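Chains as they are written, first to last, in this note's numbering: chain A, 1072 to 1367; chain B, 41 to 391.
No wet-lab data here; the hints were simulated from the structure. As the structure is a prediction and not an experimental result, all values here were calculated from the model. Treat the hints with caution; some may be incorrect.
As the list claims (entries may be wrong) - List time: in silico DSS-like cross-link candidates among lysine-lysine, alpha-carbon distance up to 30 angstroms:
1. B/261 / B/234
2. B/247 / B/148
3. B/261 / B/127
4. B/362 / B/388
5. B/127 / A/1278
6. B/148 / A/1278
7. B/234 / A/1278
8. B/78 / B/127
9. B/148 / B/234
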Amino acid sequence: MVQAVAPAMIDDATIERSPGYWSTVWRRFRRDPVAMIALGVIVLLILMAILAPYIAPHDPFRGATLRRLRPPGTPGYLLGTDELGRDMLSRLIYGARLSLFMGVTPVFLALFIGSAIGITAGYVGGIVNTLLMRTIDIIFAFPSVLLAIALSGAMGAGIVNGLISLTIVFIPPIARIAESVTTSVRSLDYVEAARASGAGALSIVRKHVLGNVLGPIFVYAMSLIAVSMILASGLSFLGLGVRPPEPEWGLMLNTLRTALYTQPMLCALPGIMIFITSISFNLLTDGLRSAMDIKA
Amino acid sequence: MASDTVMTRAPAAAQATGSEPVRPLLEAADLVKHFPIKSGLLGRSNAVVRAVDGVTFSLYPGETLGIVGESGCGKSTTARVLMNLIKPDSGNVLLNGRAPGTPELSLKAFRSQVQMVFQDSYASLNPRLTVEDSIAYGPTVHGVSGSDAVRRARRLLDRVGLDPRRFAGRYPHELSGGQRQRVNIARALALEPKVIILDEAVSALDKSVEAQVLNLLLDLKEEIGLTYIFISHDLEVVRFIANRVMVMYLGRVAEIGPTDALYTGGRHPYTTALLGSMLSMDPDERTMEAPLAGDPPNPIDPPPGCRFHTRCSFAESVCSAKTPVLTVSGTGHFTACHMVDPGSGHSKAAA
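Whenever a hint applies, use it, and build me the whole structure from the sequences.
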């Protein structure tokens, strides 16, 4: 039964290696056309945000009273002009910068803080778990929209305050997911076995817990990006997030609302951008979730 | 408890080397572990499960101690308390006479010497780590460099009968149950332990694979000089592999002794009943009645006195009044039954 292999002779190249977990996930993800299209749209949006100065046909801040509220299709102004005569297309392109930033940043900040809280609570358990999670529950008890508005309102309008309030809104749900996944992983035999080998808590969390909990937490956080974008737009709409004249889709929706009856198509444009972005993030998340659902 | 008598006397199996008593490698002294049952809003505990309730035994170098008993008798809890994965409520574990977690023997050093193989071969391997990384993890915790640990992992894979070239880079879900259990054994060996606790380690395997793994365990034991604690509900397997057997009932030791003495002349009525449940290969020895009916009583509220008296056909009033202690009933053979203890007052006890 025991092969006559001189173990010193085994060199890395002769070892047959199975594809790792993430490469399997990527292979499965690639076969999902909807998710791939969503990913393509998101990549395009990100490119659009990065390359805004090069692709925008006009200065998004320069208006002209003479050409206010032109409908989409106006020569020279493909998507028309807004209430101050600024080029809509340019503003929508530049708007991707702030809108994506306001959608993605709070979620990643919350992912970092929330998983730290949740994994600590889940792994340590006992009184630490009770203290952390009950505190989280108190924040979680507020409806997210109300909480975001209340926090932004209390701290005052502005991009940074908007980011902080959205981060606080997203910490509780992420911490909850992190805690429940960690609790279920912690009681598995391989964590016991790691403890039995004399490893300390930090080493076990790094090597055995993180790899098994970050996936599900990350997928959940991805699904929050769409919510975050909508909330951020909502804050801007209410005048609590980004302030004029910055181009941001939520804010554009607000300032254009006066023209709703005269130029409905024009007013809908920022909304369409928000819709496309958030639905792409949602479809991407769905694809990622099913790609990660590997039956062993 | 007659713990002193049990601990100071080496059993026949371990005395084979000479007349001088062999020092036990691992000792468990009066281990107690009760799990509180939490109920109500504030989580007050108003009842406890007496999972392990005063377990005392010694493990001698080079032997295999089998632990048998029905589900819920505290076998696995005993194993986890021995491993220090669960802290006992009272009692202690000694390795070479030293308690883990003290200046003479750190918990980390203890854990490098006592390792465990779990029943669920899949759940005991991290699904995100390759086989060699899982095995190499333990040594790196103890300061072995990454490349040395991987080299050791490959050597061990080869030793447990898995070609490292084919298996080292695989993930647990790509392996069969038997292969995974070999990996788990390799992982336990990676720390070069003296004692390996096998908690139902072969119970989930097919019979043919089980036999291969058992033979591997026997080979390793001989080659490396290991000592095993073999926990199983499979009485045949225990008889095959163990030198001594400990029978547990509701968190207590009912009987402990050399395998042959116990299997042919068990003195505790529970031992005889348990062994009576084994199927005989000889049709002439078929049993016509179920030797033991019903389930063990609830460990939350175990019966007073001898815990077995509710199901024992020899039970008398003394059995529910007094707790029997482990009494010598043969060479290296101890039984916790009033019928064996001469002064107990049981009508069947030798006066």
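Now for the hints, and whether the structure bears them out:
1. For the given pair, residue 261 of chain B sits about 10 angstroms from residue 234 of chain B by alpha-carbon distance, which is consistent with the 30 angstroms threshold.
2. Annotation: proposed proximity of residue 247 of chain B to residue 148 of chain B is violated, straight-line Cα distance about 36 angstroms (limit 30 angstroms).
3. For the suggested pair residue 261 of chain B and residue 127 of chain B, the alpha carbons sit about 28 angstroms apart, so the restraint of at most 30 angstroms is met.
4. Taking the CA atoms of residue 362 of chain B and residue 388 of chain B, the gap is about 15 angstroms. The hint holds against a cut of 30 angstroms.
5. Restraint check for residue 127 of chain B and residue 1278 of chain A: satisfied, since their Cα atoms lie roughly 24 angstroms apart, inside the 30 angstroms limit.
6. Taking the CA atoms of residue 148 of chain B and residue 1278 of chain A, the gap is near 18 angstroms; set against the 30 angstroms cutoff, the hint holds.
7. A C-alpha spacing of about 26 angstroms is found between residue 234 of chain B and residue 1278 of chain A, which places the hinted pair at or below 30 angstroms, so the restraint holds.
8. Between residue 78 of chain B and residue 127 of chain B the alpha-carbon distance is near 18 angstroms, which keeps this suggested pair within the 30 angstroms criterion.
9. Between residue 148 of chain B and residue 234 of chain B, the direct Cα distance comes to roughly 14 angstroms. Compliance with the 30 angstroms bound is thereby established for this hinted pair.
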